[in-house]
Amino acid sequence: MSERKNDGPTPMERFLGGLIPENPVYRQILGICPSLAVTNTMEGALTMGVAALFVLLCSNILISLIRPLLKPHLRILVFTLTIATFVTIADRVLAAYLYDMSKQLGPYIPLIIVNCVIIARCEICASKQRVFTAAADALGQGLGFTLGLMTIATVREILGFGTWFGKWLGWRVIPATAPAHWSNWVIMILPPGAFLTLGLLLGVFNALTAKKEKAA
Amino acid sequence: MNYLVSVLLLAISTALINNMVFHYFVGNCPFIGVSRRVDTAFGMGAAVTFVVTIAAALSWIMTYFVLAPGAPLTAAVLRLVRPGSTAVADLSILNYIVYIFVIAWAVQLVEMYVRKFFPPLYKSFGVFLPLITTNCVILFTCLEIMKHVPVAGAPVAEPWGLDRALIFAFFAGIGFLIAIVLMAGIREELEHCDVPAPLRGPGITMIIAGILALAFLGFTGMDTTLARRLAPKPPPASAETAARPAP
Numbered sequence: 001m002s003e004r005k006n007d008g009p010t011p012m013e014r015f016l017g018g019l020i021p022e023n024p025v026y027r028q029i030l031g032i033c034p035s036l037a038v039t040n041t042m043e044g045a046l047t048m049g050v051a052a053l054f055v056l057l058c059s060n061i062l063i064s065l066i067r068p069l070l071k072p073h074l075r076i077l078v079f080t081l082t083i084a085t086f087v088t089i090a091d092r093v094l095a096a097y098l099y100d101m102s103k104q105l106g107p108y109i110p111l112i113i114v115n116c117v118i119i120a121r122c123e124i125c126a127s128k129q130r131v132f133t134a135a136a137d138a139l140g141q142g143l144g145f146t147l148g149l150m151t152i153a154t155v156r157e158i159l160g161f162g163t164w165f166g167k168w169l170g171w172r173v174i175p176a177t178a179p180a181h182w183s184n185w186v187i188m189i190l191p192p193g194a195f196l197t198l199g200l201l202l203g204v205f206n207a208l209t210a211k212k213e214k215a216a
Numbered sequence: 001m002n003y004l005v006s007v008l009l010l011a012i013s014t015a016l017i018n019n020m021v022f023h024y025f026v027g028n029c030p031f032i033g034v035s036r037r038v039d040t041a042f043g044m045g046a047a048v049t050f051v052v053t054i055a056a057a058l059s060w061i062m063t064y065f066v067l068a069p070g071a072p073l074t075a076a077v078l079r080l081v082r083p084g085s086t087a088v089a090d091l092s093i094l095n096y097i098v099y100i101f102v103i104a105w106a107v108q109l110v111e112m113y114v115r116k117f118f119p120p121l122y123k124s125f126g127v128f129l130p131l132i133t134t135n136c137v138i139l140f141t142c143l144e145i146m147k148h149v150p151v152a153g154a155p156v157a158e159p160w161g162l163d164r165a166l167i168f169a170f171f172a173g174i175g176f177l178i179a180i181v182l183m184a185g186i187r188e189e190l191e192h193c194d195v196p197a198p199l200r201g202p203g204i205t206m207i208i209a210g211i212l213a214l215a216f217l218g219f220t221g222m223d224t225t226l227a228r229r230l231a232p233k234p235p236p237a238s239a240e241t242a243a244r245p246a247p
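Top to bottom, those sequences are chains X and A. Just so it is clear: in the first sequence, position 7 is 7 by my numbering, and no numbers are missing. Just so it is clear: in the second sequence, position 101 is 101 by my numbering, and no numbers are missing.
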């Protein structure tokens, strides 16, 4: 784990890069499991995004601090155990303050441990960079992940329930007195809707990127 | 209910109705990443089935004897350290860390064992075995089993013994195997198709997975129907036994 001072992107570039150009959900296709499982409501998506952001930030900082001590053959195990510790903290905090949400997310909060986004960031960035750089990278990737989850959840919740943040804020996007030919697309809340939405959004995202590259 | 019938119902509901990939969305990374060819997909599925069964057994044993509130081993240690203490030994806060450790250990163990004793099998599993440590299917199965381990202190809704946990884990692996092999079969054909450029790769795979998930929705309710069909009909059976002359 050699020290690298002046190569690679700056902290600011890393932070901005995580948001859209290297978005974990749409560009790197990592962390698919939560982005399908918890995105039938905005509340679930936001909670999962914030929990993952917290775990990613804390474990990136810690890994970056202990990087001189890491042994190459044990590093993945160290990453996983560090992440598991922070996930336990996040899980207990959620169970204490947002009990209903914790019940709804169920096993998907502990499954953050094996979320590829976090292990990938520990491996690519935190184990090689200084603390500030690692924290900026974690913030960018975490926010990008949250953004990815929330775009999927927006499509699914509006089409499935006709609401946006229905449980917390109660905003109706499609009025309750909608024309008779509109009915909630139940399939969007069920598992198939998750796969279809993510697949089509990936297509849209790729098409937009290709257009932008052609224009540039 | 008859033991064999309940095992059959658990197997069907785990492998088909609540399929790991299409219902719980776990194991999606290998499902997208390693489903280009049928033979590698089958290798991945078999390796997962193998490891998940072993990891499930280990995690059930750890939960029952060490981690759960009032677990016998922890309680015994507590009595040794603090004789006369009335506190309930509860290590459940360590659940996730212990599970991930158990999984990593099980993967290492399986890898060494297979390499030593079944070299051809090791060659076919090869690269997949170390990858499995971070496969969500394994951790998800351990977490599901955690909810069902019978605890002395707090009774659970549907307690599973070690046998039930093993059956659940094995069929969770089989469900994953079915899903990934199906997907690989479709993707082999897909190579000859003209997919719109933005959807190529993961995009079209997701959409196909969505259609497959729609198909798997069709299994919903199969277990309750089967349970009704297979359940013994009490009134005629009792009448028959009553009518039978005693030997």
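No lab work stands behind these hints, which were simulated from the structure alone. Every residue, glycine too, gets a C-beta built ideally from N, C-alpha and C. Do not rely on the hints blindly, as some may be mistaken.
Chain A stretches covered by chain X per the calculated footprint, using a threshold of three residues with CB under 8 Å from any CB of chain X [what the hints assert, rightly or not]:
hint : segment
1    : 28-36
2    : 83-91
3    : 97-103
4    : 132-144
5    : 155-167
Simulated pairs of lysine-lysine, DSSO-like, Cα-Cα distance not exceeding 30 Å [stated by the list, open to error]:
hint : chain 1 : residue 1 : chain 2 : residue 2
6    : X       : K211      : A       : K116
7    : X       : K167      : X       : K103
8    : A       : K147      : X       : K71
9    : X       : K167      : A       : K147
10   : X       : K214      : X       : K167
11   : X       : K103      : A       : K147
Quiz item: Against which earlier hints does the structure fall short, listed by number upward?
Solution: 2, 5, 6, 8 and 10
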